[in-house]
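There are 2 protein chains.
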Amino acid sequence: MAGPLDGTKVVDITTNISGPSLTMILADLGAEVIKIERSGTGDDSRRMGPMWNGEGAFFLQINRNKRSIVVDLKKEDGKRIVKRFVKEADVFVENFRFGKAEQLGLGYEDLKELNPQLIYASINAYGNKGPMKEKPGYDAVVQADTGIMGMNGTENSEISRVPVSILDQGSAIWGALAVVSAILSRNRIETGQKVETSLYETGVFWSSYNLMSHLVTGEEPKKMGSNHAAFTPYGVFQTATEPIMIGVSNDQLFKKLCVALEKEMWSEDDRFRHNQQRITNRNELNYEIEKVLKSQEATYWADKLDLNGVPSAIIRKISDVATNEQTEQLSMLQDVEHSTIDNLKLYRLPISFSGNSTSLRKGPPLLGEDTKDILKEFGYDEVSIKHFIKSGVVNS
Amino acid sequence: MAGPLDGTKVVDITTNISGPSLTMILADLGAEVIKIERSGTGDDSRRMGPMWNGEGAFFLQINRNKRSIVVDLKKEDGKRIVKRFVKEADVFVENFRFGKAEQLGLGYEDLKELNPQLIYASINAYGNKGPMKEKPGYDAVVQADTGIMGMNGTENSEISRVPVSILDQGSAIWGALAVVSAILSRNRIETGQKVETSLYETGVFWSSYNLMSHLVTGEEPKKMGSNHAAFTPYGVFQTATEPIMIGVSNDQLFKKLCVALEKEMWSEDDRFRHNQQRITNRNELNYEIEKVLKSQEATYWADKLDLNGVPSAIIRKISDVATNEQTEQLSMLQDVEHSTIDNLKLYRLPISFSGNSTSLRKGPPLLGEDTKDILKEFGYDEVSIKHFIKSGVVNS
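Residue numbers (UniProt numbering), protein chains in the order written: chain A, 1 to 396; chain B, 1 to 396.
To be clear, the hints were calculated from the coordinates, so they are not data collected in a lab.
Take these hints with a grain of salt, some might be off.
[Unchecked claim] Think about it this way: if two alpha-carbon atoms lie no more than 27 angstroms apart in a straight line, the pair counts; the simulated BS3-like pairs of lysine-lysine are:
1. A:K74 <-> A:K386
2. B:K255 <-> B:K304
3. A:K74 <-> B:K255
4. A:K83 <-> A:K390
5. A:K256 <-> B:K386
6. B:K223 <-> A:K317
7. B:K133 <-> A:K256
8. B:K376 <-> B:K386
9. A:K133 <-> B:K9
10. B:K345 <-> B:K317
11. B:K345 <-> A:K223
12. B:K255 <-> A:K223
13. A:K304 <-> B:K129
14. A:K304 <-> A:K294
15. B:K79 <-> B:K222
16. B:K304 <-> A:K317
17. B:K223 <-> A:K294
18. B:K345 <-> A:K133
19. B:K87 <-> B:K222
20. A:K362 <-> B:K129
21. B:K294 <-> A:K256
22. B:K9 <-> B:K386
23. B:K222 <-> A:K345
24. B:K222 <-> A:K223
25. B:K386 <-> A:K304
26. A:K222 <-> B:K223
27. A:K223 <-> B:K294
28. A:K100 <-> B:K304
29. A:K100 <-> B:K256
30. B:K255 <-> A:K133
[What the hints assert, rightly or not] Here are the in silico distance ranges between beta carbons for each label pair:
31. B:L307 <-> A:S391: 30 to 40 angstroms
32. B:T41 <-> A:E377: 24 to 34 angstroms
33. A:E264 <-> B:K390: 31 to 41 angstroms
34. B:A2 <-> A:K304: 31 to 41 angstroms
35. A:N53 <-> B:Q296: 36 to 46 angstroms
36. A:N308 <-> B:Q277: 46 to 56 angstroms
37. A:D269 <-> B:A2: 46 to 56 angstroms
38. B:V259 <-> A:D77: 30 to 40 angstroms
In this text, all values refer to a predicted model and were calculated from it rather than measured experimentally.
Glycine included, every Cβ here is placed at the ideal spot set by N, Cα and C.
If we strip away everything but chain A, and leave its shape as in the complex, we get (with noise of 0.2 angstroms):
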């Protein structure tokens, strides 16, 4: 079965994590990525730890099904070259700081004319106005501007960041998503665009629920730990082991928890019988829960939640999801060839298709890995080639 993508070419000037997110999930969904890399180094994710020979693994998960050439953009030869790419493109992905694409010659206006049919994406920190827009971002500091670091943990507790790149990989799909968008828009109104995202938006996004929570009630949200603001019980309560997560978001479920920890009167009972009640007696309830789920085990209390339709989960560890069954039958890792590195195992992406295959063909490439190929494919010819590998203009 072919990709969505399958003929989408894809000319790519990202690094790090955002950026080469994006280029993955249309790479996954079958376009062909060039990933254009910088001579040396290349990109910088290449050496984020831990390595697996050699390489970042998170750069090998992050850059499956692409193919790598080294093209130096201080030189004006190299600049044509990536011109000559996007000329024959479809899209063209940059996630550089503010201004800088325009700075090289390579914005939205210059490539539009080489190419008006071309989807020209665009992520950045802080998006493309306002007085934040030059400002610099990683994840983390993205997430302590938009809010969610602030509200994440306890009251007490350290300051936090969210243990996984929401903005990064976030503002990645959002920035496919549009990209996607485009490429069906320009069937209908035959022509390309600029689409864009940013860590911030997509920040501010993810916390709109409090955002709109504060719009309506002009309260600060609570750092709320485990808990919800809008239903209880919702949180963590420990068991005679692990440590177990239950969601109860509605009066049906409370009295099916009641049931499973043969409480029944808990659900008669006017402190608790009505969310709202539940909410105004939060710590009583979640105090007199703990108490019954203290007297047993974690797995004696998930099996008899799940058999009374009760929502709830022990406290995995990464090592626990890495090996868990529901992990392994649903084919999440899968085996990807690699030229250097033996049995390579990539986490595929979380949509599947019944019509349509997102594939992992290839491993992440050797850094200038398809150099030759590349130019020869857009008619470059020995001689022109040995030149800019003499000069530096590219590398392999």
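Place chain B on chain A using the hints.
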């Protein structure tokens, strides 16, 4: 300007957060979404607090640009109505627990017979196979099952969920990407298909850096608080006033940090010169940095770090984000018309298009607000509509 999905018809039988968030994205991109709700109470999230004039604030956010019809799916006539919609639709979206859509006669096999061009999207908690496929789940429950909660915070902190719904809303973005990809694909393969995502697969994707690290090292990821396993200094530091997040991912940025802190000698110091040395001596370096930072106010450091090109941010509250000039200038919060709420404002998607609009065309519907209009559009006459209302098949 038109949206990329203008003219696309979506039949939406989802409730709560993940499904409605998915169809909100499609609606913002221009699709016509028919939201099918149950009689009496409608979508559960209508009652998820805080409330704004009787409607849940987050319900409002994730149900704009849709129309609502109340249909009783337990009645044969109700199912027939939905199937009539499906015959003319491009997309059908459900977020029932595994197997429930099939029980209702609304599974993919049922609906594709009526409309082979249909894109059928399923979003559930644990995916479509494996021992956990029937397990119920909410955002934080699946955060526990995918290792995210277990990594959040510090070794000694209370276990906390990630305070924004990265699985409900995250799987919604993935689902929307899959739907748009399938629409694009339909132009080529000339047939519809089923697309699927789940909170569990989305959680495994968020954890992929940690899972890849575990695969390579065999070690359990540590709970890092605001720090990052791969870089130092990267974390939150105390100042004379508010705490500040500083992100340094490479040696060049570290040099800039040393200049900003007037500690240039650190970048020549064998304990700190290279990232790997800084990781080894993380505690020592963090201690030294904080000693300097405590001498001045947070705003002093934020400005100075900015001037030196070092990514940093003061830990912001939600009220800060709401009033931040950056949020304002990016027009994140927009006015939307609503039948009963004056001055309704909602947060836009974090993407923008130069050649398309993503728009807040109308506020979210009251329960069953569009029942009669929708039935008329699909060819039902006044007599049938009255009959359906009388027999409780629909409600308005």
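Results of checking the hints against the structure:
Under the criterion of a C-alpha separation no larger than 27 angstroms, the hint pairing K74 of chain A with K386 of chain A is consistent with the structure, at around 19 angstroms. In summary, the hint linking K255 of chain B to K304 of chain B is supported, as the alpha carbons are separated by about 14 angstroms, within the 27 angstroms threshold. At most 27 angstroms may separate the alpha-carbon atoms for a hinted pair to count; K74 of chain A and K255 of chain B meet this at roughly 23 angstroms. With a C-alpha separation of about 21 angstroms, the suggested pairing of K83 of chain A with K390 of chain A holds against the 27 angstroms cut-off.
Of the pairs offered as hints, the one joining K256 of chain A and K386 of chain B is violated, with about 38 angstroms between alpha carbons and a cut-off of 27 angstroms exceeded. Of the pairs offered as hints, the one joining K223 of chain B and K317 of chain A holds, with about 11 angstroms between alpha carbons and a cut-off of 27 angstroms not exceeded. The hinted pair formed by K133 of chain B and K256 of chain A meets the criterion: a straight-line CA distance of about 20 angstroms does not exceed 27 angstroms. Proximity of K376 of chain B to K386 of chain B is assessed by CA-CA distance (about 12 angstroms); at most 27 angstroms being required, the pair is judged to hold.
Annotation: proposed proximity of K133 of chain A to K9 of chain B is violated, straight-line Cα distance about 37 angstroms (limit 27 angstroms). For the hint linking K345 of chain B to K317 of chain B, the alpha-carbon distance of about 20 angstroms falls within 27 angstroms, and the restraint holds. Simply put, K345 of chain B and K223 of chain A have alpha-carbon atoms about 24 angstroms apart, close enough for the 27 angstroms limit, and the pair holds. Distance hint between K255 of chain B and K223 of chain A is unfulfilled; the C-alpha atoms sit about 35 angstroms from each other, more than 27 angstroms.
Simply put, K304 of chain A and K129 of chain B have alpha-carbon atoms about 22 angstroms apart, close enough for the 27 angstroms limit, and the pair holds. This hinted pair checks out: K304 of chain A and K294 of chain A have alpha carbons roughly 14 angstroms apart, not beyond 27 angstroms. The straight-line distance between the Cα atoms of K79 of chain B and K222 of chain B is roughly 51 angstroms, outside the 27 angstroms bound, and the hint therefore fails. Between K304 of chain B and K317 of chain A the alpha-carbon distance is near 39 angstroms, which puts this suggested pair outside the 27 angstroms criterion.
A threshold of 27 angstroms between alpha carbons decides the hint, and for K223 of chain B with K294 of chain A the separation of about 25 angstroms falls inside it, so the pair holds. Straight-line distance between C-alpha atoms of K345 of chain B and K133 of chain A comes to about 24 angstroms, which keeps the hinted pair within the 27 angstroms bound. The suggested pairing of K87 of chain B with K222 of chain B is violated, with an alpha-carbon distance near 52 angstroms, which exceeds 27 angstroms. For the given pair, K362 of chain A sits about 26 angstroms from K129 of chain B by alpha-carbon distance, which is consistent with the 27 angstroms threshold.
For the hint pairing K294 of chain B with K256 of chain A, the CA-to-CA distance comes to about 51 angstroms; that exceeds 27 angstroms, so the pair is violated. Using a Cα cut-off of 27 angstroms, the hinted pair K9 of chain B and K386 of chain B holds, with the two alpha carbons roughly 25 angstroms apart. Proposed proximity of K222 of chain B and K345 of chain A is supported: the alpha carbons are some 22 angstroms apart, at most 27 angstroms. Distance hint between K222 of chain B and K223 of chain A is fulfilled; the C-alpha atoms sit about 22 angstroms from each other, no more than 27 angstroms.
Under the criterion of a C-alpha separation no larger than 27 angstroms, the hint pairing K386 of chain B with K304 of chain A is inconsistent with the structure, at around 47 angstroms. For the suggested pair K222 of chain A and K223 of chain B, the alpha carbons sit about 22 angstroms apart, so the restraint of at most 27 angstroms is met. As the CA atoms of K223 of chain A and K294 of chain B are separated by approximately 25 angstroms, the hinted pair is consistent with the 27 angstroms bound. The hinted pair formed by K100 of chain A and K304 of chain B meets the criterion: a straight-line CA distance of about 22 angstroms does not exceed 27 angstroms.
Under the criterion of a C-alpha separation no larger than 27 angstroms, the hint pairing K100 of chain A with K256 of chain B is consistent with the structure, at around 19 angstroms. Distance check on the hinted pair: K255 of chain B and K133 of chain A sit about 23 angstroms apart at the alpha-carbon level, within 27 angstroms; holds. In this structure, L307 of chain B and S391 of chain A meet the distance hint of 30 to 40 angstroms, their C-beta atoms being roughly 37 angstroms apart. A hinted range of 24 to 34 angstroms is violated for the C-beta pair T41 of chain B and E377 of chain A, which are about 59 angstroms apart.
Checked against the hint of 31 to 41 angstroms, the C-beta distance between E264 of chain A and K390 of chain B comes to roughly 39 angstroms, which is consistent with it. Distance hint check: the CB atoms of A2 of chain B and K304 of chain A are about 53 angstroms apart, inconsistent with the given range 31 to 41 angstroms. Between N53 of chain A and Q296 of chain B the beta carbons are some 45 angstroms apart, a value that agrees with the proposed interval 36 to 46 angstroms. A hinted range of 46 to 56 angstroms holds for the C-beta pair N308 of chain A and Q277 of chain B, which are about 54 angstroms apart.
A hinted range of 46 to 56 angstroms holds for the C-beta pair D269 of chain A and A2 of chain B, which are about 55 angstroms apart. A hinted range of 30 to 40 angstroms holds for the C-beta pair V259 of chain B and D77 of chain A, which are about 35 angstroms apart.
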